[in-house]
Amino acid sequence: MMTNTEKDTATNTPINPINPILELTGVGIEFPTPKGPYKALTDVNLKIAKGEMISLIGHSGCGKSTVLNIVAGLLQATEGGAVLEGKEVNEPGPERAVVFQNHSLLPWLSAYENVELAVKTVFDKSKSKAEMKEWIEHNLNLVHMGHAMHKRPDEISGGMKQRVGIARALAMKPKILLMDEPFGALDALTRAHLQDSVMEIQKDLGNTIIMITHDVDEAVLLSDRIVMMTNGPSATVGEILKIDLERPRSRIELADDPKYNHYRQQVLSFLYEKQRKVEPLVNSPKATKKVSVAKQEIA
Amino acid sequence: MTSKITTNSSRAFNGGSITDDVMPVWLQEAIKAIMLPIAGILFFLLIWGTAAQNINTSLGQFPGPAKAWEQFQSLMAEHNTEREKAVAFYQRQDDRNAARIAIDPSYPVKIRNYTGKPTYIDQIGTSLITVLTGFILASLIAIPLGITIGLSKNLYAAANPIIQLLKPVSPLAWLPLVTMVVSAVYVTDDPLFAKSFVTSVITVLVCSLWPTVINTAVGVASINQDLINVSKVLRLKPMTHIFKIVIPSSIPMVFTGLRLSLGIAWMVLIAAEMLAQNPGLGKFVWDEFQNGSSNSLARIMVAVLTIGLIGFLLDRLMLMLQRLFSWDKQAVLR
Chain A
380 MMTNTEKDTA TNTPINPINP ILELTGVGIE FPTPKGPYKA LTDVNLKIAK
430 GEMISLIGHS GCGKSTVLNI VAGLLQATEG GAVLEGKEVN EPGPERAVVF
480 QNHSLLPWLS AYENVELAVK TVFDKSKSKA EMKEWIEHNL NLVHMGHAMH
530 KRPDEISGGM KQRVGIARAL AMKPKILLMD EPFGALDALT RAHLQDSVME
580 IQKDLGNTII MITHDVDEAV LLSDRIVMMT NGPSATVGEI LKIDLERPRS
630 RIELADDPKY NHYRQQVLSF LYEKQRKVEP LVNSPKATKK VSVAKQEIA
Chain B
21 MTSKITTNSS RAFNGGSITD DVMPVWLQEA IKAIMLPIAG ILFFLLIWGT
71 AAQNINTSLG QFPGPAKAWE QFQSLMAEHN TEREKAVAFY QRQDDRNAAR
121 IAIDPSYPVK IRNYTGKPTY IDQIGTSLIT VLTGFILASL IAIPLGITIG
171 LSKNLYAAAN PIIQLLKPVS PLAWLPLVTM VVSAVYVTDD PLFAKSFVTS
221 VITVLVCSLW PTVINTAVGV ASINQDLINV SKVLRLKPMT HIFKIVIPSS
271 IPMVFTGLRL SLGIAWMVLI AAEMLAQNPG LGKFVWDEFQ NGSSNSLARI
321 MVAVLTIGLI GFLLDRLMLM LQRLFSWDKQ AVLR
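In order, the protein sequence lines correspond to chains A and B.
Here the working numbering is used: the first residue of the first sequence is 380, the next is one more, and so on.
Here the working numbering is used: the first residue of the second sequence is 21, the next is one more, and so on.
Derived by calculation from the structure, the hints in this document are not laboratory data.
The reader is advised that the hints may include incorrect statements.
Said to hold, decoys possible - Pairwise CB distance ranges (calculated):
1) S439(A) / N180(B): 52 to 58 angstroms
2) L568(A) / L339(B): 26 to 32 angstroms
3) I161(B) / D583(A): 36 to 42 angstroms
4) D335(B) / G585(A): 54 to 60 angstroms
5) K552(A) / L339(B): 41 to 47 angstroms
Glycine residues also receive a C-beta, built at the ideal position from the N, C-alpha and C atoms.
Turn these sequences into a full structure, and let the hints steer you where they fit.
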């Protein structure tokens with residue numbers, strides 16, 4: 380029964396891809412707080428192969444976003460580090476494009492102009508004007524936003540905004556695409572549409588993707604591996620679950636698939652038995668962390 | 021008379037429910053939108069008129085709406101006569117010059133400007149030019165300053181006490197200083213601007229700087245963290261970051277500041293002109309007060325209403341600009 384579940388509970392030695400594009404080694408981070416340093420992450424080790432789709436799942440405050448922000452370069456690890464294609468990550472850059480939870484489109488620009496800003500910045504010298512236009516339109520069409528590309532964010536729905544956010548990230552031709560709870564703010568139907576879109580795009584382009592999610596179904600449906608994180612403080616990688624389901628995956632067929640349900644059960648058992656968490660009402664570590672993140676950004 | 025109109029119109033509103041099935045909703049709304057302000061104005065005139073009848077000053081009874089209207093017409097008439105005089109003056113000058121040239125073609129033509137006294141309209145013009153000059157200069161300083169302060173927490177902390185200290189200072193306190201400094205520094209044989217003008221402009225500038233500085237700084241400092249992250253991921257250069265992210269994002273706040281500043285600039289100007297003797301509405305009020313004729317109070321009342329009206333129009337102008345330039349169309353603009 381357990382052949383498909385490869386665990387790394389105690390030793391923390393994940394099933395490593397041979398030629399990882401991204402490598403996290405001994406990553407830990409401490410945030411200064413008024414009550415002394417808060418250790419959010421400790422000894423996070425993860426190797427990701429090219430073209431892999433990884434989900435990070437865990438309870439609120441377990442440091443999923445922190446891992447992603449370290450890979451993005453928006454936060455600096457205080458221990459260990461991330462290496463992308465042999466180069467250490469120490470600042471943000473377009474080769475690690477981020478899709479933010481709340482779309483983060485510039486509200487004064489149309490969908491086209493939002494993507495244009497990214498394309499103009501990244502391909503400043505390497506693309507001609509016509510090529511840029513074509514590339515922008517190509518990416519907007521990829522996320523099915525071709526019909527509304529000249530609308531502004533306040534004129535389109537939440538799902539459409541997130542599509543534009545994805546188009547903007549894809550248009551940077553990132554080596555790795557980082558998605559921070561990309562569908563968290565969307566209703567279930569819209570989310571399903573977007574999940575299908577992401578699977579379709581990933582099949583075509585073979586992107587390497589790290590996605591944070593709270594949604595067990597989403598994780599199992601989309602991922603090649605699910606990285607389950609323990610609760611903070613000092614959160615780390617708890618288990619890594621390899622999802623061995625054939626692609627293309629159909630949510631309807633999978634709903635009746637015993638393998639799929641087994642994976643689901645695995646994740647659920649990790650989250651609700653092994654890492655069961657009672658949310659404190661105040662002073663949750665997440666709140667503290669968010670504040671210190673914001674402080675760091677401004678400084 | 022006025023009271024009758026008010027009661028009539030208020031009855032019309034109460035009767036609105038009866039006419040529900042007859043009048044379409046938009047018409048009811050339109051009538052409301054027009055009638056309510058008119059009712060408010062009539063009520064104000066009524067109070068003004070009644071109160072005026074009961075106030076006696078050393079310059080006679082306080083002017084009511086009718087007296088003020090009369091003086092307004094008289095000011096317009098004076099303006100028209102003055103303009104006719106000016107036209108006649110230039111006509112005579114042209115004729116004279118033409119006659120001279122006819123006799124002697126080498127005659128160097130002299131053109132002198134008409135130097136009649138400024139009319140009420142001229143004074144409004146001067147005031148507008150002064151306030152807009154001061155306001156535009158203030159904005160040119162305040163917006164970059166606000167952006168700079170807003171970008172850095174430390175700079176903001178350093179500048180904030182000074183700004184808070186200077187913000188509440190009245191123009192009347194600045195004016196003597198400004199006057200002395202202008203007299204000392206602005207010394208030329210052929211001054212492009214009158215000293216009184218320069219003094220007024222600088223006073224307006226100093227007083228109207230702060231709302232724009234503060235609002236711009238706050239707008240810049242409160243940019244959505246996600247947008248800053250987008251800029252970081254794109255590795256935007258500092259200047260691109262400012263022009264593509266920071267400025268557009270803080271535009272709504274900048275406009276809020278500009279509107280406050282323009283309001284203050286206009287308010288300050290009147291005081292500044294009174295003391296600096298810049299030939300605008302402030303000087304008009306002061307001169308009429310010194311003049312002390314039986315018409316003076318009514319004329320000042322005309323000026324009061326003009327000042328209010330222009331202040332209102334300036335605010336509407338800024339609002340229009342805000343609607344035109346701000347991306348945040350959902351912001352409540354009133």
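| query | Could one say that the CB atoms of S439(A) and N180(B) fall in the range 52 to 58 angstroms? | reply | violated, 36 angstroms
| field | Verdict for I161(B), D583(A) (Cβ pair) under range 36 to 42 angstroms | value | violated, 53 angstroms
| message | Quick check on a hinted range of 26 to 32 angstroms for L568(A) and L339(B), using CB atoms only. | response | 41 angstroms Cβ-Cβ, so the 26 to 32 angstroms window is violated.
| Has the hinted range 41 to 47 angstroms been met by the Cβ atoms of K552(A) and L339(B)? | holds, 44 angstroms
| field | Beta-carbon spacing of D335(B) to G585(A) - inside the hinted bounds 54 to 60 angstroms or not | value | holds, 58 angstroms
In summary, the structure is inconsistent with hints 1, 2, 3 from the numbered list given earlier, while agreeing with the others.
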